[in-house]
Amino acid sequence: MKRIIKRLSSLAYLARPLALTFLGIMLLSLAAAYGAVALYRQIAFPPWVSVVTLQMLPHWQRGLIFALIGFIVLAGGIWQLSSVAVIPLGMRATGDQMVLGFQQARRAPRIAVLSGGPGLLRLVSLGRQAQQLTCIIPVQDPVEYYYRAASMYNFENVMYLAPTPETAQVIVTLSDGSQRDIKHNIPYDDALASDHVVGVDLLDEQGVPFAAPPIVFRQVIEVLEQADAIILGPGSLFESVIPNLLLPGVREAIERSSACTIFLCNLMTEPGLTSGFSVADHIRQIKQYGAFTPDYVLVNVQRIEPDVRRIYEAANQKPVYLTPEEYEETIASANQRSATPDLIIEGALVAEADLAASTYQLSASLANPGESRTVQVLRHDPDKLAEAIMAILTRA
Amino acid sequence: MTDTIVLFEDEGHCALAPLVHSRPVFELRCGIYTLRERLTATLGVAPEAVCRGHLAAVFGAGRWPLRLLSSGAPVAFVNGRALSVNWLPRLLAAPINTVYVVPGSKGILSDVLLGARLSPAVTSAVLFELLQQRSEAALHELRRFANVVEIEARMLAFPWDIITENAKQIAADLPLFVQATGAVSAADLPPDDRHIVVRNPAHVFIHPDARLDGPLVLDARDGPLVLGAAHVEPFSFVQGPAFIGNGTLIASARIRGETSIGPVCRIGGEVEASVIQGYSNKHHDGFLGHSYLGEWVNIGAMTTNSDLKNTYGSIKVVLEQLGQVDSGQIKLGCFLADHVKLGIGVHLTGGSVIGVGSNIFGIHSAPKTVLPFTWGGDIFHDYQIDRMIGVTRKVMSRRKIELQPAYETLLRDVFALTRGNRVALLDQPRARGPLPMVEAEAALARAEAEAMHAYEAA
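Sequence order for the protein chains is A and B.
Under our numbering, the first sequence has 94 at position 94, and the numbering climbs by one with no breaks.
Under our numbering, the second sequence has 413 at position 413, and the numbering climbs by one with no breaks.
Just to be clear, a hint being listed does not mean it is correct.
[Claimed, not checked] Under the rule of at most 25 Å between Cα atoms (straight-line distance), these lysine to any residue pairs were calculated in the SDA-like manner:
id, chain 1, residue 1, chain 2, residue 2
1, B, Lys168, B, Ala41
2, B, Lys309, B, Phe158
3, A, Lys183, B, Ala73
4, A, Lys183, B, Ser70
5, A, Lys287, A, Arg309
6, B, Lys309, B, His364
7, B, Lys394, B, Ile344
8, A, Lys287, A, Met390
9, B, Lys400, B, Arg211
10, B, Lys368, B, Lys400
11, A, Lys183, B, Pro405
12, A, Lys183, B, Lys168
The set of hints was computed from the structure by calculation and includes no laboratory data.
Using the sequences and the accompanying hints, generate a full structural model.
Here it is, written out as structure tokens:
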């Protein structure tokens, strides 16, 4: 008996709601009974109805039988109910806590980005899905440019970090043997359109080679070491991604880090910088200057509209797709159930995805801010990019 | 390009809890101004600020203060615990990447980052740390790149520093006040009511819009007396050094020296060596001495605090995260954080600390430590936040101030952040209240019987 009382006492929280429920059911039953009686007096029912409703018996016997059945059903229901844990939503914590339906939330990833220029701003929607998105800007760029652009859009969860206390000069050696500052608009020089970079050097602000490796901020090192993902790009390969890899402190931090490294391959080649580069050529630059192979490479698979293609071709730019030769190189990850087959190129797992969007952009140059024009351009789509990166992180 | 001035909080804010649960350290009044007001008066523009996340929307530049670096100007950081900022002009004239530190002493083991003038690049590297109040880590990094200069400066370390430094700070703020407001002394412009007695008028500064109803005494013989556009009712006695803020009513009160009263307060009874942040009421009789009151505090009639132990010993204060700390002060009253409400006739012992939003009533003696958002007297409960917000809305509307959604969110965040501290209250609702009379009498009777029994047996 004690055991039964103890078990039923677990329904204490339900006493009031159950009483109200019973009352409601009783009133509804009464209404149904009135309706049934009214019908019974007006309509002639088939003979089996009188058998089911026990009309061969006196009223008190019928009532007793239904009450007995009703009581048994009710007792069974309450007994089953008492085996269910019932906790009021507003209940406060007690010593003997029971946790039901607990699901550990997955920690949002910490993401470090090595990129720069407008490409960096394409990645910020990833900030909503990250614990923190830290963008390490190119060593030659002033950090305030990025803060100014970001503050216009009220980005959240995104911080920009200069890698060194002083800015540096990035000098590239082109295939024609000339040396140029990366800031000097090489892609807009038609004479250099067919060239590409064969060497990159870092000089101090006075244009002199560093006597000692530049000091890298401890915060940069920590961000890279503690990141779950290090993303290279989107942005110009030699202007936004490679310069920071020339800093020994950054390279060593990436080497020490257990983060998944993801290289976002350019959508188009850059005249004078990456003319004629394939996906493999892009990866080889990362390996050459960063001394590591990215774990994943994301390549755009979306076909480009003819109009946009013509605009880019006029500017000596070609899309960067996987070539048939690259497809044939190696097919990997047979155990992975992914929608598209993965390839290993230059030791990196290459994944194709729809990453681009054609958009109209009001273009202005820093040299002539007042002179602006609207152009149709191909850009990494922020949402598609974020989705592809999160898919890789989930998989990794 | 003009430097961007940014106030920041460091690790030291923890020792000032619970006064800083609902406001950053640089919003604590000491002297005539809060540090933010002091900088605004000094520079002519309001400084930016970075502070704890839950305070950032109301008091700071937001949770992600990206615009701080958008101008490309050097950034000058100022520690929010600093009292005087007479070193700031020197810092602003110093080369980029200069850092001022207060050297460690007996009380403070490590150097304290007082201020820094940094390039945007270096700022980006330490902003992470300062957003999380990790100034030690920031200083550690800055030592690699910056020129570090040691200077002496007064800083708030514990809540009682607000009380002990107040007189000195009123005197230090006076020239700035005179310069910023153009106030003139009563020696140059004496009050026209002959029933107003002014002692040492050269040190009494009265705002032109102040309303003084004689008879009353303004006594600046022990220090300067600064009256904003306040209303002082007859039979009041105000002794310097003291500051009375704009819109405050002194209701026939005795305001003794070393007192600062912020704007829009209602003050009666006797107040001595205390700081009242602003928008608070102590309208009736009762003594408040060597105490700090936050904003929107209300103290009922005849509620009084002790500021001296019968043993004349130093007063100990229980501080969050630090436990009981000997203040070293013989005279010390109570610390009431923002939105505290005390009923009538409540007695507070020296060193009492009452957390944000607590509502205490119906008891003779309040416990020495009351957690934030505590409600009750004989029995203490968790103050339901919706009710507390409702009361706050009413209280603020009486002063024609609307409870802004951001501030409501702030209060709710503070409630959530301090909830863990109140778990004991939830399980032991009677633990902190006095025993009910019948139970107390029974316990006394039992003790007496046991004592008699022991005596007879002997």
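Taking the hints in turn, this is what the structure says about them:
Proposed proximity of B/Lys168 and B/Ala41 is supported: the alpha carbons are some 18 Å apart, at most 25 Å. For the hint pairing B/Lys309 with B/Phe158, the CA-to-CA distance comes to about 20 Å; that is within 25 Å, so the pair holds. For the hint linking A/Lys183 to B/Ala73, the alpha-carbon distance of about 22 Å falls within 25 Å, and the restraint holds. Proximity of A/Lys183 to B/Ser70 is assessed by CA-CA distance (about 21 Å); at most 25 Å being required, the pair is judged to hold.
Of the supplied pair hints, the one linking A/Lys287 and A/Arg309 is violated, its CA atoms being roughly 29 Å apart against a limit of 25 Å. Pair hint B/Lys309 plus B/His364 holds up; C-alpha atoms about 18 Å apart against a cutoff of 25 Å. Restraint check for B/Lys394 and B/Ile344: satisfied, since their Cα atoms lie roughly 20 Å apart, inside the 25 Å limit. Using a Cα cut-off of 25 Å, the hinted pair A/Lys287 and A/Met390 holds, with the two alpha carbons roughly 24 Å apart.
Note on B/Lys400 and B/Arg211: the hinted pairing holds, with a Cα-Cα distance of about 21 Å set against a maximum of 25 Å. Restraint check: the Cα-Cα separation between B/Lys368 and B/Lys400 comes to about 33 Å, which exceeds 25 Å; the hinted pair is violated. For the hint pairing A/Lys183 with B/Pro405, the CA-to-CA distance comes to about 46 Å; that exceeds 25 Å, so the pair is violated. For a cut-off of 25 Å, the pair hint linking A/Lys183 to B/Lys168 is broken: about 56 Å separates their Cα positions.
Hints 5, 10, 11 and 12 from the list above are not met by this structure, while the remaining hints are.
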